[in-house]
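Visitor: Letter by letter, the chains look like this.
2 protein chains.
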Amino acid sequence: MAPKPAAKTPNIVLFFIDDLGYGDLTVTGALGYKTPHIDKLAAEGTRFTNFMAAQAVCSASRAALLTGCYPNRVGVYGAFGPKQGLGLHPQEETIAELLKANGYATGIFGKWHLGSDSIFLPKQQGFDEYYGVPYSHDMWPLHPWQQQAQYPPLFWIEGNKQVKEIKDLNDAGALTPTITEKAVSFIKRNKKKPFFLYVPHPMPHVPLAASANFKGKSERGIFGDVLTELDWSVGQIMKELKDQGLDDNTIVIFTSDNGPWLNYGNHAGSSGGFREGKGTSYEGGQRVAAMIRWPGVVPAGRVSNRLLSNIDILPTLVKLTGAKLPEKKIDGIEFVDLLKGDDTKKPRENFLYYYRKNNLEAVRKDNWKLVFAHPGRTYEGSLPGKDGQPGPAPEDHAIPLALYDLTRDPGERYDVYSQNPEIVAELEKIAEAAREDLGDDLQKRPGKNGRPLGRVEK
Amino acid sequence: MAPKPAAKTPNIVLFFIDDLGYGDLTVTGALGYKTPHIDKLAAEGTRFTNFMAAQAVCSASRAALLTGCYPNRVGVYGAFGPKQGLGLHPQEETIAELLKANGYATGIFGKWHLGSDSIFLPKQQGFDEYYGVPYSHDMWPLHPWQQQAQYPPLFWIEGNKQVKEIKDLNDAGALTPTITEKAVSFIKRNKKKPFFLYVPHPMPHVPLAASANFKGKSERGIFGDVLTELDWSVGQIMKELKDQGLDDNTIVIFTSDNGPWLNYGNHAGSSGGFREGKGTSYEGGQRVAAMIRWPGVVPAGRVSNRLLSNIDILPTLVKLTGAKLPEKKIDGIEFVDLLKGDDTKKPRENFLYYYRKNNLEAVRKDNWKLVFAHPGRTYEGSLPGKDGQPGPAPEDHAIPLALYDLTRDPGERYDVYSQNPEIVAELEKIAEAAREDLGDDLQKRPGKNGRPLGRVEK
Numbered sequence: 001m002a003p004k005p006a007a008k009t010p011n012i013v014l015f016f017i018d019d020l021g022y023g024d025l026t027v028t029g030a031l032g033y034k035t036p037h038i039d040k041l042a043a044e045g046t047r048f049t050n051f052m053a054a055q056a057v058c059s060a061s062r063a064a065l066l067t068g069c070y071p072n073r074v075g076v077y078g079a080f081g082p083k084q085g086l087g088l089h090p091q092e093e094t095i096a097e098l099l100k101a102n103g104y105a106t107g108i109f110g111k112w113h114l115g116s117d118s119i120f121l122p123k124q125q126g127f128d129e130y131y132g133v134p135y136s137h138d139m140w141p142l143h144p145w146q147q148q149a150q151y152p153p154l155f156w157i158e159g160n161k162q163v164k165e166i167k168d169l170n171d172a173g174a175l176t177p178t179i180t181e182k183a184v185s186f187i188k189r190n191k192k193k194p195f196f197l198y199v200p201h202p203m204p205h206v207p208l209a210a211s212a213n214f215k216g217k218s219e220r221g222i223f224g225d226v227l228t229e230l231d232w233s234v235g236q237i238m239k240e241l242k243d244q245g246l247d248d249n250t251i252v253i254f255t256s257d258n259g260p261w262l263n264y265g266n267h268a269g270s271s272g273g274f275r276e277g278k279g280t281s282y283e284g285g286q287r288v289a290a291m292i293r294w295p296g297v298v299p300a301g302r303v304s305n306r307l308l309s310n311i312d313i314l315p316t317l318v319k320l321t322g323a324k325l326p327e328k329k330i331d332g333i334e335f336v337d338l339l340k341g342d343d344t345k346k347p348r349e350n351f352l353y354y355y356r357k358n359n360l361e362a363v364r365k366d367n368w369k370l371v372f373a374h375p376g377r378t379y380e381g382s383l384p385g386k387d388g389q390p391g392p393a394p395e396d397h398a399i400p401l402a403l404y405d406l407t408r409d410p411g412e413r414y415d416v417y418s419q420n421p422e423i424v425a426e427l428e429k430i431a432e433a434a435r436e437d438l439g440d441d442l443q444k445r446p447g448k449n450g451r452p453l454g455r456v457e458k
Numbered sequence: 001m002a003p004k005p006a007a008k009t010p011n012i013v014l015f016f017i018d019d020l021g022y023g024d025l026t027v028t029g030a031l032g033y034k035t036p037h038i039d040k041l042a043a044e045g046t047r048f049t050n051f052m053a054a055q056a057v058c059s060a061s062r063a064a065l066l067t068g069c070y071p072n073r074v075g076v077y078g079a080f081g082p083k084q085g086l087g088l089h090p091q092e093e094t095i096a097e098l099l100k101a102n103g104y105a106t107g108i109f110g111k112w113h114l115g116s117d118s119i120f121l122p123k124q125q126g127f128d129e130y131y132g133v134p135y136s137h138d139m140w141p142l143h144p145w146q147q148q149a150q151y152p153p154l155f156w157i158e159g160n161k162q163v164k165e166i167k168d169l170n171d172a173g174a175l176t177p178t179i180t181e182k183a184v185s186f187i188k189r190n191k192k193k194p195f196f197l198y199v200p201h202p203m204p205h206v207p208l209a210a211s212a213n214f215k216g217k218s219e220r221g222i223f224g225d226v227l228t229e230l231d232w233s234v235g236q237i238m239k240e241l242k243d244q245g246l247d248d249n250t251i252v253i254f255t256s257d258n259g260p261w262l263n264y265g266n267h268a269g270s271s272g273g274f275r276e277g278k279g280t281s282y283e284g285g286q287r288v289a290a291m292i293r294w295p296g297v298v299p300a301g302r303v304s305n306r307l308l309s310n311i312d313i314l315p316t317l318v319k320l321t322g323a324k325l326p327e328k329k330i331d332g333i334e335f336v337d338l339l340k341g342d343d344t345k346k347p348r349e350n351f352l353y354y355y356r357k358n359n360l361e362a363v364r365k366d367n368w369k370l371v372f373a374h375p376g377r378t379y380e381g382s383l384p385g386k387d388g389q390p391g392p393a394p395e396d397h398a399i400p401l402a403l404y405d406l407t408r409d410p411g412e413r414y415d416v417y418s419q420n421p422e423i424v425a426e427l428e429k430i431a432e433a434a435r436e437d438l439g440d441d442l443q444k445r446p447g448k449n450g451r452p453l454g455r456v457e458k
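Line by line, the protein sequences are chains V and Z. Under the UniProt record's numbering, think of the first position of the first sequence as 1, with each following residue one higher. Under the UniProt record's numbering, think of the first position of the second sequence as 1, with each following residue one higher.
Keep in mind the hints are simulated off the structure, nothing from the lab. Check the hints yourself; a few may be wrong.
The list treats identical chains as one, so a pair stands whether inside a single copy or across any two.
[Claimed, not checked] Derived pair list, reagent style BS3-like, types lysine-lysine, alpha-carbon separation capped at 25 Å: (1) LYS217 <-> LYS357; (2) LYS83 <-> LYS123; (3) LYS193 <-> LYS346; (4) LYS329 <-> LYS191; (5) LYS83 <-> LYS161; (6) LYS217 <-> LYS345.
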């Protein structure tokens, strides 16, 4: 499709922060450092408190964000390793491809993690420009705390080429400023046409490192330093938008790929009190900070508690920009009216908590969450790590069937299954439909899914 | 002391909501109803996320708020029953007395619960006017779910007189509008002099009831209806301030006496994910929603995560109004600079979690909370109540010694005692000083405290 001019369409900046917990911003209760630039997005836009990462792990959540699909639908599970040869299927249509077809300049500066072989890299998924790391920077031979001999050298990638090896923590510390500089440059160079700027910062994923300007400056150790630098980065990018006169016509979205990696102790973030963290389908793993700013369109200083997910961003941006939806089925639901301030709208009623290969661990409808019996990790009961050294990897426990009412129990501690048979029946129906559509390894009925690469089709 | 004119001093409106959980407002994540008027206080003022009720139970928290003291210092424990003959000692100086001495008109409309015998009523504690209930409206012979034969009839009190018996839930449903009407009238009648208006709403304490305008209107059942009506009440009072041209020169404070009463299930609120609720020294019991609005003085739309407590309100109001501090020692610390926007200020570094007669259950310094081994109730592990019928009263468990880092673990689930001996030593020192000052029944060293009425003196 020939790109068409779309001069009046809004620019889009999408921040996607790695392992940032729900509680890691000043506006959500962080202690020991401050995030004024990120908080300003909430003050000048709308903050969402029931915004779910589609899966509580890196590659899967990124696939969901960029395709508008539950990650198991597009065959992406877990976190891709450098040598696995896996990636998001090139035929899947990403936000970048849809917007590019609509005349947008597209750039990604940061962590990709949807395949490090060249066929999978961002330029093959709709991005004009890429500068960043191909996967998490703990998959690194020089990682200080683990036997990492299995990992190849980690390089900065520009376009499709490796340009510079990351050899020490000073390099890793330079992740945030380098990405910031590239993002600012992209705005400068593309200020005359609509652009989609995707900024998936690799921090505060471990190993943590902050550059010299920020190291040792917070009251919260290196984690606070890293967050302060990330906040600075958001401020720099917002300043560039303002300097170019673009900030009124730019939709800025800020969210995280999953909850905090809790067994890293003081090198991990905070779920804000929600149960568990990354790698679990409890709220601490999947409920993430989220805010959207678009002056004059999205109400300022508003908080919305409607259920949404990162898979809903794609159809929403498509509707706002006049782009086309992907040809294949997606799971995301557009929330334009809600975004514009109509809180009577309930665009998303249900949410599916898939994890691992294809386990349907829980389903949600409105405030009700039905957790199915499943093997799941827990961070509780073992000592968390400290100062960069992780605690023991959380072991699987037999998680029992339970129903939680998230209106009065967002911490998921008070099982009310026996009191609510009608609610359970409704949720079971939703689960049954999900199993028909996407399968469920817990039921030993995987259907056609379970492939490591490629879309699940009925 | 002769009242002196204080025409330029700000008016004060203090909302103190009963059993409102941290998560029960839209701005803190509530589902199924909306609180736009209360949220507006946060948008136009500063919201505090580490604001602690001094004790997680009704009378004790009210004594703390009004005297600026830990409640055990002034000999107030738990929730006074109607026939106990106990109350806040008349010689304790309350915010109302201090402001009245400074020329303020003072009124309380709502629930007192600091003694129902006439010597203890609000008119004897500095309030010019009182209309409300003397204690919780579950201490009521007509309570639908419990054997309440031990309770005398519950009356509306005006000044020192019983004026009308509350005989049915429609009467109880009329609690919120009646209190609202009286508060609005007080503003109208006192608009020409500075006033202190204290509005301790008895809802959403059980038994819940909303008036006809609100019943059945929310998506969250009666609890949502009650919250919608409370939000309406705040809106009415704010509207009256605005209509009288007073809203710029009025300090509006909004907070709660303690966390949600969780064994009431869907008739209880939400701790927002914090652990446990009312009647516990976990954060769910004591960390409460709090916001302060004073246009032009207190920054709008700001979130502060500094540690504060409701005992800090008295000295702060004293400083802001030029009133005098009480003659006897208080525990509250003024936070005027922080309130005005200087977040480098850390007025409160420590906090003492006393509960029951005089058990020092935990101490906090900054982000660190040391929980001492103690018998404590837990709501976990038993089925919560439903539709007004409570679940089983939570039983005591042996709560073990633990250290929590609230920066990364606000949910208090990951004990890091063994990793942080220096921090433990610091917190032990704070506890030791508290024991010297106020005693500690857990140590069987009650000192001079433990009296049901009267101040602890060294």
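Visitor: Take the hints in turn and mark each one as holding or not.
Guide: Checked hints:
1. Neither within a single protomer nor between protomers do LYS217 and LYS357 lie at most 25 Å apart by alpha-carbon distance, with minima of 41 Å and 43 Å respectively.
2. In this assembly of identical chains, the alpha carbons of LYS83 and LYS123 lie at most 25 Å apart only when taken from the same copy (20 Å versus 77 Å across copies).
3. In the homo-oligomer, the alpha carbons of LYS193 and LYS346 never lie at most 25 Å apart, since the shortest distance is 33 Å inside one protomer and 47 Å across protomers.
4. Taking the closest pair of Cα atoms, LYS329 and LYS191 never come within 25 Å of each other, the shortest separation being 33 Å inside a single copy and 62 Å across copies.
5. Taking the shortest alpha-carbon separations for LYS83 and LYS161, only the intra-copy value of 17 Å comes in at or below 25 Å, while the best inter-copy value is 81 Å.
6. In this homomeric assembly, LYS217 and LYS345 come within 25 Å of each other (Cα to Cα) only across copies, at 16 Å, whereas the closest approach inside a single copy is 43 Å.
The structure fails to meet hints 1, 3 and 4 from the earlier list, while all remaining hints are met.
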